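Residue numbers (our numbering), protein chains in the order written: chain D, 1 to 343; chain Z, 1 to 343; chain R, 1 to 343; chain V, 1 to 343.
Think of the hints as simulated: they come from the structure by calculation, not from any bench. Treat the hints with care, since some could be wrong.
The list makes no distinction among identical chains, and a pair is therefore deemed to hold if it is satisfied within one copy or across any two copies.
Capping the alpha-carbon separation at 25 Å, the derived lysine-lysine pairs in DSS-like fashion look like this [what the hints assert, rightly or not]: (1) K283 with K228; (2) K133 with K306; (3) K306 with K131; (4) K283 with K304.
Values in this document were obtained by computation on a predicted structure and should not be read as measured data.
Protein chains: 4
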Amino acid sequence: MIKVGVIGCGYWGPNLVRNFYKTPNCEVVGVSDLRPERLQYIQSLYPKVQATPDALELIRNPQIDAIVVVTPVATHYELARAALLEGKHVLVTKPMTRTTAEARQLIELAEQKGLVLMVDHTFIYSGPVRKIKELIDQGELGQIYYYDSVRVNLGLFQNDVNVLWDLAPHDFSILAYLVGKEPISVSAIGARPVNCKHYEHESVAYVSVRFDDGTLAHVHVSWLSPVKIRRTLIGGSRKMVVYDHLDPDNQIKVYDKGVEIRSIEEQYQALVQYRTGDMWAPKVDQTEALEVECRHFIDCCLGKAKPLTDGYAGLQVVELLEAAQRSMDRGGEVISLVRAASA
Amino acid sequence: MIKVGVIGCGYWGPNLVRNFYKTPNCEVVGVSDLRPERLQYIQSLYPKVQATPDALELIRNPQIDAIVVVTPVATHYELARAALLEGKHVLVTKPMTRTTAEARQLIELAEQKGLVLMVDHTFIYSGPVRKIKELIDQGELGQIYYYDSVRVNLGLFQNDVNVLWDLAPHDFSILAYLVGKEPISVSAIGARPVNCKHYEHESVAYVSVRFDDGTLAHVHVSWLSPVKIRRTLIGGSRKMVVYDHLDPDNQIKVYDKGVEIRSIEEQYQALVQYRTGDMWAPKVDQTEALEVECRHFIDCCLGKAKPLTDGYAGLQVVELLEAAQRSMDRGGEVISLVRAASA
Amino acid sequence: MIKVGVIGCGYWGPNLVRNFYKTPNCEVVGVSDLRPERLQYIQSLYPKVQATPDALELIRNPQIDAIVVVTPVATHYELARAALLEGKHVLVTKPMTRTTAEARQLIELAEQKGLVLMVDHTFIYSGPVRKIKELIDQGELGQIYYYDSVRVNLGLFQNDVNVLWDLAPHDFSILAYLVGKEPISVSAIGARPVNCKHYEHESVAYVSVRFDDGTLAHVHVSWLSPVKIRRTLIGGSRKMVVYDHLDPDNQIKVYDKGVEIRSIEEQYQALVQYRTGDMWAPKVDQTEALEVECRHFIDCCLGKAKPLTDGYAGLQVVELLEAAQRSMDRGGEVISLVRAASA
Amino acid sequence: MIKVGVIGCGYWGPNLVRNFYKTPNCEVVGVSDLRPERLQYIQSLYPKVQATPDALELIRNPQIDAIVVVTPVATHYELARAALLEGKHVLVTKPMTRTTAEARQLIELAEQKGLVLMVDHTFIYSGPVRKIKELIDQGELGQIYYYDSVRVNLGLFQNDVNVLWDLAPHDFSILAYLVGKEPISVSAIGARPVNCKHYEHESVAYVSVRFDDGTLAHVHVSWLSPVKIRRTLIGGSRKMVVYDHLDPDNQIKVYDKGVEIRSIEEQYQALVQYRTGDMWAPKVDQTEALEVECRHFIDCCLGKAKPLTDGYAGLQVVELLEAAQRSMDRGGEVISLVRAASA
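Modelling step: build the complete structure from the supplied sequences, incorporating the hints.
Shown next, in the form of structure tokens:
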């Protein structure tokens, strides 16, 4: 039995509480939040859960085995570090930290202490992403040529982060999980298209990520779209995938379409031609991603599994965010990635 | 009565012949193409039209008033120039020329000779684009914040141009027409995601265009998408538009959605909030764009109108293409636009 | 403060408990169900609510003011009657009763006792249906010509009712609410397309309802469709509506399309021509229908409102179901409706 | 070489001329129409084709081998009969004739004369319908349980026929082709929902067709829908098909969904349960159906093939139309089909 404390009961925290509540071998012991009304809300739903305004009270509670950090990103490092120092396993919401330096320190600390450090990259635990991973691993798509994601809607402008840090972690985590190659450079263009002196964060951003072998990934995130789009195109040498998270019937469509290259001897005109075939929409597991993730975290705490989205996965995402932000700040300059691992 | 000669009977040429054929005050006198089978095809449809393998024969034909150039871009400048020198009005298909230098020479020559020089930016004459222009001119959308276009499909890899020069002229011409501001910089990322030694052209490209006032435009073009998408999002301060060329019922949707900015005194939390209202899909004229364009060209030749898509419109598109190509060649470097006008 | 007891905690009951739980001036005192695991489930969510296997315990509980009946239809009459006899207000789920005779008795009893008798026709309280009603009442659609509803999916075959009694109550209640005319005849075709000796209920049904003035309504319900469709077309003399409950962005689309009749003098060829104009998707209130309904029921119990979906509304639906069932049983025979009111 | 004459150059006739024009072993010799402007139109496109206002001129022309009848249905019998009597093969547009009596006489005459009599049931030659037929023949769908078609749009009100005779022939011919069973009864409900004294034809109709083994087919046709829908659901014991003619990417979707029946011993609750699996959209041949049909007709005239849509197929459709019309005229009465064959 793993006893859990959840720090942060804003928009996302209650979803984690709800899912840990029904996870086997797990008990939600306490929650904390600075806002009394949020604590009251959680207690109206779960009367037995202790509620405190003081996060440290949870972190220091000897009954608690694992701390879940669901607070604004600026506080992730400090809270996760304190929890690890107290010997607690940690699950921290995305993005893991503000900087790669912070992320590396948390990884090191967790390794020293032999504790679980997991990042809440929720989509990695969702049915469609797991299915696409399966298809890629089986070689169904062939070699991955490109990855193109659009994640836009009319969204709440966040006070603490821009649209890049709010939405792109989803894409970067999925990208890293599915493509599994080393990115070599990042460029990004952002805009604050709304005339507001007092609001300085980008609300539209386009990020390009290049990989060693020529694979190109592109991510479009926006809080300023009149329609909600969650669509990823993945082009492979054998097949192509359209992943539309919002299509209830067919979240994944696999197209037996592609490009065929002919040797120059064969013919004169078209060196590259396309072929089209059937489309196939595999059945996708509809279990809530967070439910799968919470179970996995408890299994990790119990020593039964290694985190799929560990500190290194979190670090990768922060690296891409950092580089994209630097590029945006410099008007779109291409930023080379010199990975710590290779340094 | 304007007598027309059409040079080039490949994919697009026959569409121009068909439309000029039914345009009032116009007669298609002759066509030319290097391929006998294409000439034969045209003659099977229009037995009275003269067909010749020699473009110069048309250009020098004293009966002909106007020359339509529908050949590969590499030949546009030479053919258009020859036609202008022979005192013919010219309609040239997009992109106008390979370089801005060529475009400027054609503009100058046409002005010297007092001849019509028009570029076949077909979409400018389409119902949906004209309707959006109308909405913008009426102030319905307010100030334009961003322009985002996706133009992707599984396309024929062209032998003479990359995907940027093939597809982006459509977006650049629409962008220039609708937004009507001066672009200040361009950056572009391209990829040749397919391993083919003998095929060197980019088949995927992402282009960002910045304007003086902070407006951001972004264009995604690809020949490697399993699904065909032709969708443009235009965000304004008052309303937002989704233009989906492939939605037969609702090509244009106007969303009464947007962002509201509050003064910092008013409240603490959200400086920027969104509002959502009705959606409205105006009826769109379904006349074939090329039919409207052909009529307009004849009206221009007859001195009854000034070309909507004149040489300067063509030049603007070539400027953006040139800058985007340079950026792609330099791995995504941001290219400043120093416009000739301001030089 | 109205104290409520809920009988039946199967699929739908918990939704009523959840909504009454957050309704002002209301307290959920107790629930009953024959299945211990269902009671346990409710208590895990709402520890303070009393749970009993005995419905009569709730009905006789002097603390309780109103009884909500959410049981299989076969038990509605008996439970509602007992509750009314004990002086409780009653909300009964659809369809109100098995027979019009039962429905009439409940109406009479409630009137004698001066108690609220309301039927849970949930859709009447939904944003889209209320919006369509508003449009009709404002004359926006003109005269209603036809009503066509498709409500199909791959559904659980019910053990106690066929697809008609399961799904058509939704359509019949919406139809009665929106069209507001007297139906004069009903015909229905049903099928048990699956070869199963032991399963005797229809799983596909088509129902036609004729009205006095020539208006035609048609309802297609099915548990055997591979895709889920919830779409209603409403044709009016001025405008037409497409109501797609599953389209998250545009549940209601109002088409400025219609038919224009010309006098025979005007022209020879087409007496009737169509015109097409803009489409408009009004913003629709997304409040959960059941929340609106629960508040309305409490307001009715407090004497502040008259039930929108009262016993007579419930009776109308049962009349249509009875007639449609009779038609199905007779192979599609047209059944005239002689309304009790006119008898 | 088969020499063809086409009678009727209204909306559909030119499509037949265009397709016969490019059919191998075929020459379009002449066309006829009562309207000079229609003849002029055809001659502007095909200058070599003879044009005459007199259909009999074509029928009696000894050079012509085959007559294509594309006129209003009221004239089909007379024209086809005259052509057969003159020894010409005949292709007649749908519906074959006004009555089954007429259809039977044409069949008999063609058999006596040893001539080809084919009906233009275009959809039978379309890629999607041929693909569904293939799936059914391969046993992919299992036993067919139901067939449900919706064919609605805002349509031109025809002067000579109602919506049943205009649109339902498509569905009846596809139904007969795919399901291949003997229908035993038909019922239909129609409406003239528009108040127009001078227009007496139904513009909305619902038709149910029952088959011997319990299979149920239902067809909804309308000229009064604000949206165009062309969608057929086919439920089989193994798989289900959605055929949406207007979905350019996926005209056919095959759902591995269905219903499983359990023996009563196995369990108590659900005798019938559903299962859901993958969806698959096979590639569909996009050749124009009419092109395939025209080639097939010429092959039949040359003795190389037997008509897929012969007189008997035409008769079947007229039988269903006749019965449905009778049912509509009697307010929805169920009409038993006593087939001539079994009489």
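Taking the hints in turn, this is what the structure says about them:
| no. | hint | result |
| --- | --- | --- |
| 1 | K283 with K228 | both (23 Å within a copy, 16 Å between copies) |
| 2 | K133 with K306 | within (18 Å within a copy, 51 Å between copies) |
| 3 | K306 with K131 | within (20 Å within a copy, 48 Å between copies) |
| 4 | K283 with K304 | neither (28 Å within a copy, 45 Å between copies) |
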